[in-house]
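Trainee: Each chain, letter by letter, is given below.
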Amino acid sequence: MEAPKIEDRLTLYKENFASRLLLGTGRYDSPSVLADAIRAAAPAMLTLSVRRQISGSSYAGQSFWNFVRETGHAILPNTAGCFTARDAIATACMAREMFQTNLIKLEVIGDEVNLQPDPYGLVEAAAELVRRGFQVLPYCTEDWVLCRRLMDAGCEVLMPWAAPIGTGQGPRNPRALRELRERAPEVPLIVDAGLGLPSHACQVMEWGFDGVLLNTAISRALDPVRMAGAFASAVRAGRAAFLAGPMAVQDAAVPSTPELGRPFATDSLRLPYQRAI
Amino acid sequence: MFVIVNGQTHPLPEPQTLAALLSQLSPAAPFAVARNAEVIPRGTYEECHIEPGDRIDIVHPAAGG
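Top line first, the protein sequences correspond to chains B and F.
So the first sequence is numbered by our numbering: it starts at 1 and just counts up by one.
So the second sequence is numbered by our numbering: it starts at 278 and just counts up by one.
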């Protein structure tokens, strides 16, 4: 009897996705570049924001929304630019009103320079939004106690940063990120912010993270469309490597070519340590 | 009287409902509205009365990461 085919899907709040790449829509040079990058990245979800209508451009939001809907991808609204729990909660409510989704990427920012999460406001906002029926994906740090507080507040997904938003530095604190993965093995963890290269994305996927969220790494590349494809490949490669179970790292060299039958060998095969031949 | 719409002072000749204000401003759908940082659900705009000095935010979808 054939073994059942197990599909490796990303599951977020009971929704399943084939892709493990979430894509931001900001900072593209044009809508057509964004559209091409979306096609190349084939993301699970697209993030977008909520902003005031500026008089004279009342149709900009409408055309952007039509464009996003036509891609057919799931939408993840964010509370970008909110510095207080109150603003983040109100922004999330407005997003739900407009986009008809309970999903929210929750950002409560604590510093205008490094845009790092405000852990106190983040937990406060997360708890209130969960109470109001939202499905919260908090943008957080790799701090384990913060992550525990967010889970206690009802977050079923966490999105720890690699590095500050838009920096492209890659994982600043690999040890802490890996420790978070070990401490929360069952929680979907999406690395969000600060990734710059496909190798960064591949690395965190190899560590067992469930997905990545990218924006600037693609939109500000010289060739965003090519870079989107590169990231998509990197995320798949990293995930496949994780599932394949990488070899154990060795301290000493182990030859990959058999010792037996070496031409010109004159030394004995009886070696002081065991070797596979 | 004045209210503040999206950070800009906006004169109103007389107190009115949010529905009346929105019909003057004609924001393109989709949009959402908050009055003094409280979201006003669609369908209740007629019951929401604007007071002098109210801060009204009208938002729409935008790009972001």
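Hints are not guaranteed to be accurate.
One side only, chain B facing chain F, incomplete, derived with CB under 10 Å [claimed, not checked]: (1) Leu10; (2) Ala80; (3) Gly81; (4) Ala95; (5) Ile165; (6) Gln169; (7) Ala193; (8) Leu197.
The hints are simulated quantities; they were obtained by calculation from the structure and are not laboratory data.
Beta carbons: idealized from backbone N, C-alpha and C, even for Gly.
Trainee: Taking the numbered hints from earlier one at a time, note which ones the structure violates and give those numbers from smallest to largest.
Mentor: 1, 6, 8
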